[in-house]
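Start from the sequences and build out the full structure, keeping to the hints where you can.
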Amino acid sequence: MLDASAISGASPQPGIHQLIAADGTSVADEELAPLVADVDDDQLLQLYSDMVTIRRIDVEATALQRQGQLALWPPMLGQEASQAGSLHALTMDDFIFPTYRENGVAYLRGADLAGIMSTWRGSANTGWDPHKFNMATPQIIIGAQTLHATGYAMGLVLDGKEALSIAYLGDGASSQGDVHESMVFAASFQAPVIFFCQNNHWAISEPVGLQAHAPIAGRAPGYGIPSMRVDGNDVLAVLAATRWAANRARSGGGPSFIEAVTYRMGAHTTADDPTRYRGVTELEEWGARDPIARVRAFLQGRGRLDEAAEAGVAARADTMAAELRNGCINMPDPAPMTVFDNVYTTEHAILDRQRDHYERYLAAFATTEGTTLEGSRS
Amino acid sequence: MSRLTLTQAINAGLRKAMEDDPKVVLMGEDIGTLGGVFRVTDGLMKDFGSHRVIDTPLAESAIIGTAVGLAYRGFRPVCEIQFDGFIYPGFDQIVSQVAKLHMRTHGQVRMPLTIRVPFGGGIGSPEHHSESPEAYFVHTSGLRVISVSNPQDAYTMLRQAIACDDPVLFFEPKRRYHTKGEVDLDADLSRAPAMGASRVVSAGTDVTLVTYGPLVSTALDAAKAAADDGISLEVIDLRSLSPLDYGPIEDSVRRTGRLVITHEASETLGLGAEIAAGITERCFNYLEAAPVRVTGFDIPYPPSKLEKHHLPDLDRMLDGVDRVLGRPNSLSGLEG
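Just so you know, the sequences run in chain order D and W. Per my numbering, the very first residue in the first sequence carries number 1; after that it's consecutive. Per my numbering, the very first residue in the second sequence carries number 1; after that it's consecutive.
No lab work stands behind these hints, which were simulated from the structure alone. It should be emphasised that the depicted structure is a prediction, and the values quoted were computed from it without experimental measurement. Heads up, some of the hints might be wrong.
[Stated by the list, open to error] Covered by chain D, per the in silico footprint, the following chain W stretches (three or more residues, Cβ under 8 Å):
#	segment
1	57-67
2	92-100
3	120-128
4	173-184
5	189-202
6	224-234
Heads up, the beta-carbon is just placed ideally off N, CA and C, and yes, glycines get one too.
This is the structure in structure tokens:
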């Protein structure tokens with residue numbers, strides 16, 4: 001009963017909505033197709049470009065971590081379609097509550113690349129203004145953000161505003177009590193929230209089979225929340241599924257749950273070594289379902305991706321990679337005394353005393369060692 | 001004697017406890033196939049089976065809560081919380097259930113859980129990976145709280161914690177995981193120092209410097225540096241945070257008259273506050289100066305680029321020593 005090692009990590013199962021197959025051919029899906037009938041080849045090329053750029057950002061950030069420029073990086077390799085497809089179903093009025101892995105979503109939302117990297121460099125806890133981009137900052141506590149998204153959506157109802165919130169979560173998070181409680185609240189108050197679960201099959205070393213003995217999407221109906229399983233490596237299907245959920249939210253239909261079935265092709269983070277717990281066969285299987293390759297094949301099949309178009313896509317990715325690298329490498333370290341900033345909105349006598357004492361302490365070093373307050377004393 | 005890292009010593013302690021008692025089971029996230037994110041449980045699933053080294057779903061409340069149920073059945077669960085900052089979803093189960101069940105049931109139900117928590121900073125991690133939450137648990141009656149500083153204590157005290165019929169929070173200083181030391185793997189547990197005993201780790205005469213966990217080695221370095229200035233520090237490793245063993249601290253302060261307490265956790269209501277009060281009550285007439293605390297600030301743990309400013313280091317400890325000795329220090333001129 002407790003034999004976790006017997007649980008398989010493999011998955012794709014029937015009942016998963018798809019519009020573009022892994023080989024780039026179209027798939028008929030009567031439920032999803034009408035939702036993306038307006039998406040022409042030009043728009044699909046834009047989605048393709050977004051995915052290529054996200055992947056380039058991921059490669060660059062991984063390299064920067066290896067070079068010691070970032071403290072840590074959570075790769076999103078393989079999940080580009082889930083991130084780009086879901087984001088493009090939203091408007092700027094919708095509020096996003098991401099996990100730590102939605103750095104592609106953050107980029108597409110407009111967040112500054114250096115800002116995004118500041119968190120992973122260890123320079124700041126937050127790389128953008130959540131209110132400016134209607135996007136919360138990376139949530140590290142697994143599943144906590146699903147409650148925030150639900151509460152935000154309850155607020156939208158109270159304010160009579162037609163918008164929605166979306167909570168990104170993973171298969172691992174689906175085990176957390178917070179996630180279940182958020183679904184209870186979302187259903188009770190018919191909150192316009194989308195639970196967007198990227199089932200990437202691995203929670204660090206634990207296969208999805210340990211978190212769920214049946215498809216994760218199957219849980220939501222038990223809470224009274226309609227759900228859908230979608231091929232998370234099919235950007236068009238993800239866009240359609242998220243539009244389905246968004247339409248429900250905007251029309252007073254309440255919460256929806258999407259399970260985007262995808263795969264974490266990289267490590268959990270750069271601190272992780274996945275060769276300790278998963279085999280190459282699985283990796284090869286999922287590599288053959290690559291989210292970018294299928295759109296490339298699809299667009300090529302329609303004659304929309306010639307050399308010039310490919311060059312344009314590559315140029316954008318390269319530009320972003322360079323911007324990321326420069327922004328990261330040239331990022332100044334935070335000043336020592338900022339360690340006391342923003343703990344409270346106004347003064348706090350005890351902390352103010354500690355700040356004063358530490359300022360004197362650093363000043364004493366400046367006197368004895370000739371260093372400045374802003375400099376490092378080590 | 002074997003030369004082991006702190007992680008290897010904990011691993012050996014877990015192995016010994018599982019060999020000695022078939023009711024010992026391990027639970028946690030990524031502790032099985034992966035061997036834990038710090039490799040503390042490396043190889044244990046292979047040797048003891050996945051029924052005793054249990055990779056759990058991602059739910060800290062469930063890890064602690066189901067361990068309570070297992071304890072009702074007579075098991076001795078050893079739960080791993082992956083990082084200090086991840087313990088809070090399990091906080092309710094620890095505080096409301098684990099800590100209280102023995103008293104609630106008139107002593108009829110025992111909760112021999114051991115909850116292992118890698119804690120503290122200094123490893124350049126993102127938010128929630130560098131916290132020092134020990135005071136919450138010291139403040140909670142019904143729990144015993146341990147923090148080890150070296151491989152031998154890690155091996156011995158982990159076995160003592162698992163053998164203990166009370167629930168034990170076992171804090172492991174993650175930035176010292178690779179520290180090596182001699183470990184006597186065959187030591188008789190009944191002859192080991194008591195789990196609740198603090199220890200003088202460096203004898204001295206001028207100032208008593210009390211600490212635990214990751215800062216013990218920093219404090220020992222500070223003692224060496226102070227000796228170069230002709231100042232003799234007596235360093236005490238608390239080892240047990242609940243109960244506090246005041247004996248060696250009292251003995252020391254009666255000789256030195258001066259007390260400095262240092263820890264990574266925030267100052268307000270931290271162990272330093274408790275020890276300053278406890279020693280003032282016990283040794284008031286021996287104190288030559290007010291006890292001094294050298295601690296992390298009262299702030300959420302900062303981004304890693306700033307953590308060196310938050311964490312007490314050798315220099316800040318020595319500044320505290322100067323303060324308690326009335327030597328020139330960073331706050332000279334402020335004292336009234």
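- Task: Please flag the earlier hints that this structure goes against, numbers listed from lowest up.
- Result: Failing hints, ascending: 2, 4, 5 and 6.
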